[in-house]
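Protein chains in written order, with the working numbering: chain A, -17 to 176; chain B, 10 to 199; chain C, 57 to 424; chain D, 38 to 451.
By construction, these hints were calculated from the structure, which means they are not laboratory data.
On a predicted model such as this, the values are computed, not experimentally measured, just so you know.
Ideal Cβ positions, reconstructed from N, Cα and C, are used throughout, including at glycine.
Heads up, none of these hints are tricks.
Listed next, with one range per pair, are the computed distances between beta-carbon atoms:
#, chain 1, residue 1, chain 2, residue 2, range
1, A, L81, D, L335, 52 to 60 Å
2, B, T131, C, E109, 27 to 35 Å
3, B, E176, C, R102, 36 to 44 Å
4, C, E239, A, G166, 51 to 59 Å
5, D, W114, B, R41, 23 to 31 Å
6, D, G61, A, L81, 54 to 62 Å
7, D, W114, C, D223, 37 to 45 Å
8, D, L335, A, R8, 44 to 52 Å
9, D, L335, C, G98, 54 to 62 Å
10, C, V348, D, G292, 54 to 62 Å
Given next are the chains, with one letter for each unit.
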Amino acid sequence: MWFEDAVFWILAVVAIAGSVGVVLVRDLFRASLLLSLVFIAVGGFFILMNAEFLAVVQVLIYVGAIAVLFIFAVMLTRDVQRGNTPNRLQVPAAFIATLLLVMMVATVVTTDWTTLAGAGLENKSRVAQIQAVGIPDAARLTAAGLTADEVTDVQTGGLADLLIGEFVLPFEAVSLLLLAAAIGGLALARGRGR
Amino acid sequence: MYGLEMAKGLLVTLTNLMRKPFTVAYPEQRVRQHPRFRGEEFTWYEERCTGCASCAKYCPLGIIKIVTSPSETAPLQGDKYLLETFDIELQRCMFCGLCVEACPYDALFMGSGFEEGQYRRTDLVISIDRLRQADKNPSTWFRPQLESMDYRPGTSRPLGWRDVGREGWRWHQREKAGMRLQGRNAEDDA
Amino acid sequence: MTIRTEPMTVNVGPQHPSTHGVFRVRITFDGEDIVEVEPVLGYLHRGTEKLAEERNYVQIVTLTDRLDYTSSMINNQAYCLAVEQLLGIEPPPRAKYLRTLTAELQRIASHLIAVGFFVQELGAFGTPLMYTFRSRERILDLFEMLCGARITVSYMRPGGVFADAPDDFWPALDQFLNDFEGELAELEDLLLNNEILMVRTRGVSPLPPDVAINCSVSGPVLRASGVNWDWRKMAPYDAYDQVDFDVPIGSSGDNYDRFWVRVQEVRQSLRIVRQCIEQIEPGPARLELPLVLRAAPGAEAYGRVEASKGELGFFLVSDGGISPYRCKIRSPSLINLTITEHLLIGWKLADMIVSLGSVDINMGEVDR
Amino acid sequence: MNACVLNPHSILGGNHLFRFIYEGVGQMLPCWMAYVVAGAAIMLILINAVLLGAAIVSWGERRLLGRFQNRVGPNRWGPFGALQPIADLTKLLTKEDIVPYGADRIAFTIVPVLMVASLLVGAAVIPFAKDVALVDLNVGVLFILAVSSLTTIAIFTAGWASNNRYALFGAGRAVAVLLSYEVPVVLSVLGVVLVAGSMSLGDIVVAQAVPFFLVQPLAFFVFVAGMSAELNRTPFDVAEAESEIIAGYHTEYSGIKFALIQAAEFGGALVVSGLIATLFLAGWAGPVADWLGWLWFLIKTFIGIFLFVWIRSTYPRLRLDQIMAVCWKFLMPLSIINLIAVTLEVFFLRDAHGVLTTADLWIMAGINIVIAAVSIAVFGQLIRQQVRNSSQTAPASRLVVSGVSTIEVSQGQG
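Chain A with its partners taken away, still in its complex shape (with noise of 0.2 Å):
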């Protein structure tokens, strides 16, 4: 549908400009408002594919929590309008941001994006249809005879299901590193005065 891609364009060239922005701004303070633009237009990207929820989780965790904690910490550092001088973690930090990106892209090109054959869906269950659908755009979404609410409402339920079953590990080591973070927090924060 036009509109849905023009409103696809405008996000992604958002997200983009945003993020290049967030390298390249000088002004930490700025950079970080900039990185809470892109992760709104990441948002964005979600309600196109119909995942409300996902969307909605996504501005409340990130918009709402971790970029305030990186405008916290930015606040917390010296010389904000400067922004950091180059030093000597740069090679390392070029290093590992290569190595994702290569990592990021071997993985889209690798996964089988089109698995919406059709065949053999009917006698799977709801999520594994939903899953099998990918990303649901209106066509494929009619061609699987569902609806974007059933989408929405089978993807919450999806991701609950997922999480709690088959990612439960990583899910949980998750959990664990930020209990960890959270009293390795506590035990900096009282470490002073009192």
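Once you've looked at the hints, dock chains B, C and D against the given chain A.
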């Protein structure tokens, strides 16, 4: 129980919500003004004033300016001076009323009004003409004789110079400080 | 491991909603904790003491109105006591009672302001302040009845009060006292045991009695620290030796105690006012004195009262002229400010405002 | 005639008004243009409704506060002073728009826009009558929370960009409060979502055969407390504590920017009251006549606003650390208790299709009210204990009859 006092506080505000407001909506309504209220515009009785400038001397701020000259009847000893200027600089006045306290002949009174806002500071000087023309609604501040006649500046009628003194008005005209004004104002004698 | 932080210096005042006028404190914060305090005074300095040397003894009464403009009656009283001591005169008994009565009414009004602003600074959105001002307004009405002005009263004169109370004053006073009982009870319901107020003020900025004495603070601040010191009991002036009242004493000297002592003093002042109404007898209210007073050359006098904020004293030296050679004002607010550092350092920004409010300073008096 | 037909399953498909405009305009214009026109029309309605609502709330709050304080409140312009907001706005519009020296101009400027935008978008999903919401989003509850979390960034930006230390204090405090109170609020809303079985606000209203403030009093309590913290209202208004840090993060704002920030605050009160009405007071559902839904909704919203104003007029402010303590030691356990209780009740009471009947709701209400009373009492006692220990207060003050003319306290040490 913890939190009970907070609930009590809520109750207090709620009862106050039901009450009639304490506010007096000023231009439409007015608070009751007490007769001793030291108002802004002064009440001055030229007939009683001798131009002695006690008020000017007693003013802590020195804002009363009095210029006098000998009157035509000056040779008569004890006659009043001719008042050329009687300016009160309201902008610096603090309404302590000491000028009224100092006036020996009850010629100067605090006024009862209080709406003297002006756009220019120079307008805040009360000149002798304004004092002459103003409505005579003296405050009863430091004037027991007005209090004993139960005078209410806001509601009672304006007072003429004969009614405001400690002594009878004839005393003022004839005997005070050897003042002799016979025949000067025939109506007053009548 | 410790996190290194950077101190931040903030100017609180002279244009700040809750520094009681033009008080300025330069505060160094570590996060929200106060590490350094430097009070800066003098924004409202009008040279009252010098002005007094240029005015005669009665004119100075109008200057005293403007020292602590929330308790001008008490300022008048202190000054008149000093002048009477200087001249060696004594006002008639009715004047003494009238002075005691008006001073206590003024104490109620002043404490109402202190309590109202104290709670306002705790963050109540004006409600307690409005309630206290509602009651204070009634007191000011009574003052207007007495002397034609509400704030700058100039009611007392050396040798008595300027005039006896008008006849309709006494019924109005009775009416006020009856109404005020209810209003005070309401206020106590709203504030005295409120949990939020307790949490905010209990144990915050305590002032030990030894520090209080060494800083020579006086008034409710001193009594909140548990020191039993009240000039109305120690050296009764005017009619205070005729009336019976208690002196509320705090225990720990924290913000709550200072607040509590004030509320209790309002109750005691009510008692005094009622006794004054019973005991007052007809008679002259002012000595017959010349308009311009003169004291003997070299005479000295120190008149002091227990003002609403502490010991207020006027030290007058005469050279035989119509105005004092020297007039020194011992203003309680200024001296109570000497505990600023002790009260503030180590506490938080939010506590700072409340502590300043609990000391109840008045810049008109601090800077004179 | 190629009339455009809106896909009924698209996001705006459930909005009759949008469809009406879209199809009407679609007769004459290309479909994409009709889409834009209809969207603009809807946005116009939304903006006007919310901003006018904010104006009315600002007037109503001032009138109410006035009456609570035994005075009149704004009464000069219009009947009962009702045109006061317009006067205020005119004044603010004609004022100079100051950007302080050293401020980050761009960041400083986007803040009011961001605040109003997040408010408007959040208001879009609230159903104010039967089937009448601008968008009936199926994740409505989360959407509002997500959008309101944008305010956090806006406030922080305001505090940082103002180049003012009071603003920075305010921003730091605001962010601490907002981030902390989001947790109990979300947890308490989770209980509502569990019982209603949907995150759509429309469905939640339908599910309230018994208003949820009875079914989940704890959640109601936590939600109101948490929301008054997120709205920066007493007793949690540390971020704008006018007696401490002047006006907090918006100290430096003036003119139209200040007007927008104020609109966002009062509009926030409106939206949150609407949310409370929807989540806990059964929204547009009323005793009679579904078509009167807007009236019930307005009445219930007013109840919410009245509650906020009442609390604001009564209580002093807590300190920041005490607010944190209230959040983590009082509201947090309460919301978790509520969540656990509701989960268990839903698990045991629901029938085979996972549906709760009205009788089930009443049973839940009975159990939960008891739980609420007990747990509030218990945790209130706990937090009181904590407060007592932290202060070094001696026994309560006493009244002493004076008359002794000596100082009873030894001097020295100073």
